[in-house]
Amino acid sequence: MAQVEAELHPQAEAAPKPQGYWSGVIRRLAGDKVAMACLIVIALLILSAVFAPWLGLADPYRGSMIARLKPIGTEGHILGTDEQGRDMLARLIYGGRLTLFIGLMPVVFAFFIGSALGIAAGYVGGMTNTIIMRVVDVFFAFPSVLLAIAISGALGAGITNSLVSLTIVFIPPVTRVAEAVTSGVRSLDYIDAARASGAGALTVIRVHVIGNVLSPIFVYATSLTSVCMILAAGLSFLGIGVRPPEPEWGLMLNTLRAAIYVDPWLAALPGVMIFATSLCLNLLSDGLRSAMNVRD
Amino acid sequence: MSATDMPTRTKAPLLSVRELKKHFPIRGGILGRQQAVVQAVDGVSFEVAAGETLGIVGESGCGKSTTAKLLIGLTQMDDGDIVLDGQRLGPDLSLKALRRDIQMVFQDSYASLNPRMTIADSVAFGARVQGLDDPQGRAHRLMARVGLDPDRFGGRYPHELSGGQRQRVNIARALAMSPKVVVLDEAVSALDKSVEAQVLNLLADLREEFGLTYIFISHDLNVVRYISDRILVMYLGEVVEVAPVDNIWETPAHPYTRSLFSAMPSMDPDNRTTKPPLSGDPPNPIDPPSGCRFHTRCPMASEVCKRKHPVLGRMAQGSPHWVACHLHDPASGHPKAVEEAPA
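So the protein sequences, as listed, match chains A and B.
When you read off a place in the first sequence, starting at 1, and then add 685, the result is the number in the working numbering.
When you read off a place in the second sequence, starting at 1, and then add 117, the result is the number in the working numbering.
Careful, some of the hints might be misleading.
[As the list claims (entries may be wrong)] Among chain B residues calculated to face chain A with C-beta under 8 Å, some are:
(1) R217
(2) N231
(3) M294
[What the hints assert, rightly or not] Derived DEER-like restraints, expressed as beta-carbon distance ranges:
(4) B:I403 / A:T845: 20 to 30 Å
(5) A:L840 / B:S295: 30 to 40 Å
(6) B:Q152 / A:T845: 25 to 35 Å
(7) A:A722 / B:G254: 17 to 27 Å
(8) A:I816 / B:P447: 56 to 66 Å
(9) A:I895 / B:P142: 50 to 60 Å
(10) A:I711 / B:E277: 11 to 21 Å
(11) B:D195 / A:F827: 34 to 44 Å
(12) B:T413 / A:F827: 49 to 59 Å
(13) B:A214 / A:A865: 54 to 64 Å
Read the hints as simulated data drawn from the structure, not as lab findings.
Heads up, the beta-carbon is just placed ideally off N, CA and C, and yes, glycines get one too.
Bound conformation, chain B alone (with noise of 0.2 Å):
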C-alpha cells in the first residue's frame, strides 16, 4: 500500500499514522545481545477524520494497546509517520504539542491516579505543565462536567473514589488540556455495567460539546460497536480489516473478523453460535507465521496464504470497507478467492 492510498474518509483526516512500527527486542545471555524480537505492532496505518470514533479491537497481545501508547510517544516507534492536523510529528510539531492534542485514558483507573494528590491537583497537572492558564479553575470546571463537585471531590485522594469515579477523574484530567484527539485504551473495560454504560454515554456526550476525536480501544466488540463510526480490527500487530461500522457488522470481510464477531455472546437463546469459534491462542509475535498471519487458524486458508503477504485494499471500487485478505483479491490466486469476493 503506498502512503497516498490509505483507508480514508472523504474529509481530510486529522490524525493519520502511517506504517507505524514497532519491534521489541528480547535480550538474553551475559552480554545482553539481542535474541528475538517481538514484532508489537508491524506496519500500522490508518486515518482519522475530526469528530469520528476509531474503535480498535483484536484479540489481547495483537498491540492495541501498543498503537495507542505509540500515538502519544510513551512508547518511542520504529519507523513510521504520525500526523496531526497536516503536521508531522518531528519536523513541524515537537512530542510536547502532540502530547496536549492527543491525551489517554487508561484502563486501570486506580493505577493512572497519583495517590499522594489530591484529585484537582492530579486534573490540574497537566494544564500546569503545559502553561496554560488557570489550571485550577480549568480543573474545576472541567470535574464539574464529568459529574464529580469539585467542592466535594477536589482535596480527596484517588483510595477515596470509587472506579467509576475515579475514571471521571481520568477523563477530566485527559481534557484538562483541551485535546483535538483522546485515545481511551479499554477505559471502561474495568468498570462494571451500569457505570461503564454511565461513562460511555460522558463520552459520547463530552465528545459532541468539546468536538472531541476518539480512539477507541477494547476488546469489548458491544462497547465498540456503540461507540465507534468506524471500526479496525488488529490481529498480530497489524490491521487486517477497516470499515465504517455499520458494514463491518454486516458483512465482516476478513475470517479473522467473521471469528471475533461469532464468539460474541448473543442475547437471543435462538440465536447461539454452535460453531465452535476461533481455537488455540494466538501464534508467538516473535515469530509470526510467514505470508498472512492468521492462515495458521484461518478456516479458509490455502496454499497462497502462506506464501502470499495480504496487503490491506478496498473491498470494491470507491468502498470504505478496507481488508487485508486474498480472499478479496481475485488477483491473488486463492482459489475462493473469486466467489468470496463481493461484486
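The shape of chain A in the complex, shown without the other chains (with noise of 0.2 Å):
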C-alpha cells in the first residue's frame, strides 16, 4: 500500500524537507574558501585576545631600557621589542583586546540603536520618519572621520568617550539603511493584510517585519566593522582615544612612528594588524553578503 502510495505521489516524496533559512546561509558561507580563511583569522585574533594572560606571553607593560627597539626575531622576543624595551609579541596580542572591543562595539551599539530608529522611521512612515531622517542627514553633512575626531575631541581622550563617540558615527549610516529596508518591506501586501488581521503596530513588527529587514541591516552592519577598526585606531593614534601606557594598535602606531626609521619593520607590526583584521573583516562581510542572498 504505502508502495502504491509513494508512486502514485511520487513528489510528495521526494518533496524537500524544509529548511531554515539560517541552516543554509551558513551552508553557503562554509563552501565560500575567501570568506571561511577571513573567519578562521578574526576568531584566531579574538581567541588570543580573549586569552591573552593564559598563553605565557611577556609583561606587556614591562619596559626594559637596555632592550629598547630589538628587531623581529631576537632571542626572547620574537616579534622584537618596543621604543621602551616593551615584548611586542605581548603587546600586539593584548593590544588586539582593546582595539578589537573599540573597533567593533560601536558598531554592535549602532546597530540596535540604528535599527531600532530606522525600523519605526520606515514603518511609522510621515512625520515620524520626517523628524529622524532630517536628524541623522544632519549628520551626514560631517566626514566621518571627521565627526568622530569632533566628538571625541569634545568629549576627551579616554575608552568610554571613543566608544561613544565612534557609536554616534556609525548610528546614521545604519538607520538610513534600516529605513530603507523598512520602507520596502511595509509597501508589501503582508504586512497590510497582517494589520488586517487586527494585529497591533508592534506584533505587525515583531512578526513580520524584523525577521525579513534584519539580515541585510545585519550585513551592512558588518561591512562598517573594518571601518570602525581603523576610526578607533585612527583616534588612538591621533591622542584622543586610548591613553598610554595601554596597549593599542593604533597608539602602538603612533609611538613607534618615530623609530620608523631605525626599523621600519617593527615599526610597521601595528599597521599590520590593522590591515589584516579589517581587510578580513570586510571580505567575511562580503561573504556574508552573498551567503545570506537566498534568491538566484
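With the hints as a guide, dock the two chains, each given alone in a separate frame, to form the complex.
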C-alpha cells in the first residue's frame, strides 16, 4: 500500500524537507573559501585576545631601557621590542583586546540603536519618519572621520568616550539602511494583511518586519566593522582615544613612528595587524552578503 | 442622495457604506505644503446583503482598490460611515473587531505572504492575534478545506508554492478568523485561466459552506459576472451604476457601463465590436471634470452634463437598478433624457 502511495505521489516523497533559512546561510558560507579563511583569522585574533593572560606571554607593560627597539627575531622577543623595550608580541596580542573591543562594540551598539530608529521611521512613516531621517541627514554633512575626531575631542580622551563617539558616527548610516529596507517591506501586501487581521503595530513589527529587514541591516553593519576598527585606531593614533601605556594598535603605531627610520619593519607591525583585521572583516562581510542572498 | 434612500435590497444589509471619501493630499515644495488633492474615492455608498456577492468594476485608477482598503481600515477614510450588522465603525465597533469580520484577499499572492514564515504560521497568525482558540488547528482545517494538505504544505515557505497554491493559502488565511465579509481585491486576476477557474469555484463553494458575503473587485467582467449577484460600476472615485447582474448585463444604463461592456472581447467572431470603445485615458482625479465626471468622454454628453453633477437614483420606481446619469432623469434637462429613459 505504501508502495502504491509512493508511486501515485512521487512528488510527495521527493518533496524536500523544509529547511531553515540560517542553516542554508551557514552551508553557503562554509563553501566560500575566502570568507572561511577570514573567519579563521578573526576567530584566532579574538581568541588570542580573550585568552592573552593564559598564553604565557611577557608582561606587555614592563619595559627595559637596555632592550629597546630590538629587531624582529631577537631571542626572547620573537617580534622584537618597542621604543621602551616592551615585548612586541605580548603588546600586539594584548593590544588586540582593546582594539577589537573599541573597533567592534560601536558597530554593535549602532546596529541596535540604528535598527530601532530606522525600523520605527520606516514603519510609521509620515512625520516620525521626517523627523528621524532629517536629524540623521545632519550627521551626513560631516565626513565620518571628522565627526569621530570632533566628538572624541569634545568629550576628551578615553575608552568610553571613544566608544560613544564611534557609536554616534555609525548610527546614521545604519538608520538610513534600516529605514530604506523597512519602507520597502512596509509597502508589501503581507504587512497590510497582518494589519488587516487586527494586529497592532508592535506585533506586526515583531512578527513580520524584523525577520525580513534584519539580515540586510546586519550585513551592512558587518561591512562597517572594518571602517570602525580603522577609526578607533586612528583616534588612538591622534591621542584622543586610548591613553598610554595601554597597548592598542593605533596608539602603538603612533609611539613607534619615531622608530620608523631605525626599524621600519618593527614600526609597521601594529599597522599590519590593523590592515589584516579590517581586510578580513571586509571579506567576511562580503561572503556573508552573498551567503544571505537567497534568491537566484 | 439622502442616507435613508440607498441602493438597497429587500433584506436588511449586512454591510452598508455611506458617503465614503478619501482624498490623498499631494505635498510638494520645501515645506511639504499641500499642493493638490487626488480624489481617489469621493462619496461612495453601497449596501451588501448577507450571503450576497457584490462585484465592483471599473478602469484602473477608478478607486476600486482604495475602496477595498477603506473597508478594512488599511487606509484611513476622510469621511463616511461603515455599518456592519447594524454596528457603526467607531462608536459601536472597534477597528480590531471590524477587521475580524471583514477580511481581504490581495492580488499579489506572493507579496501577501511573509517569505520568512511557514504557510501554517501565516494562516494561523490572524487567529492568534485575535485570541481565537486553537489557531494551529484552525489553520490546518482551513488548509485542508482549500485543497492544501496541511501535513505536506504546512511547513513550507511561500516561494516553494505555485501561484494558485499561494492564493489558496491567502484565502485560508482570510477565513481563519471566521469573517462575515471577504473583500477579494483582484484575487484571481494574476492567476492563469485554468487555475483562476479552480479558485473561483473554490470561492463559490466556500461562500455556500461558510455563509460568506463577498465584495469582489476585478477588471475582468466575465469573472465578475460569473461570481456576482450585483455589480457596482465605478468611475473616477464615484459610483455610476449599481444593479443586479442580469439587469446590468441586459440593459446597461450608464454610457460608461455600455462602453465598458462593449470593450469586452466577444467569443463569437460574428459578434465582434466594430465600434471603437472609449478613447483616451480617464481624466486626472486630481482635478476631475465639473458636473458629470464622465462628460469628457461620454458620447451622449450635453451641456447640462458639464454643469450639473448627476446623483445616483433608481431607474424606475422600486427598481433595483441604480444609475447616476442625466439621461435617466427626466427632470435633468438633458435633451435626450426622456426618450432614453425606460418607462
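Which of the numbered hints above does this structure break? Of the numbered hints, 4, 5, 6, 7, 9, 13 do not hold.
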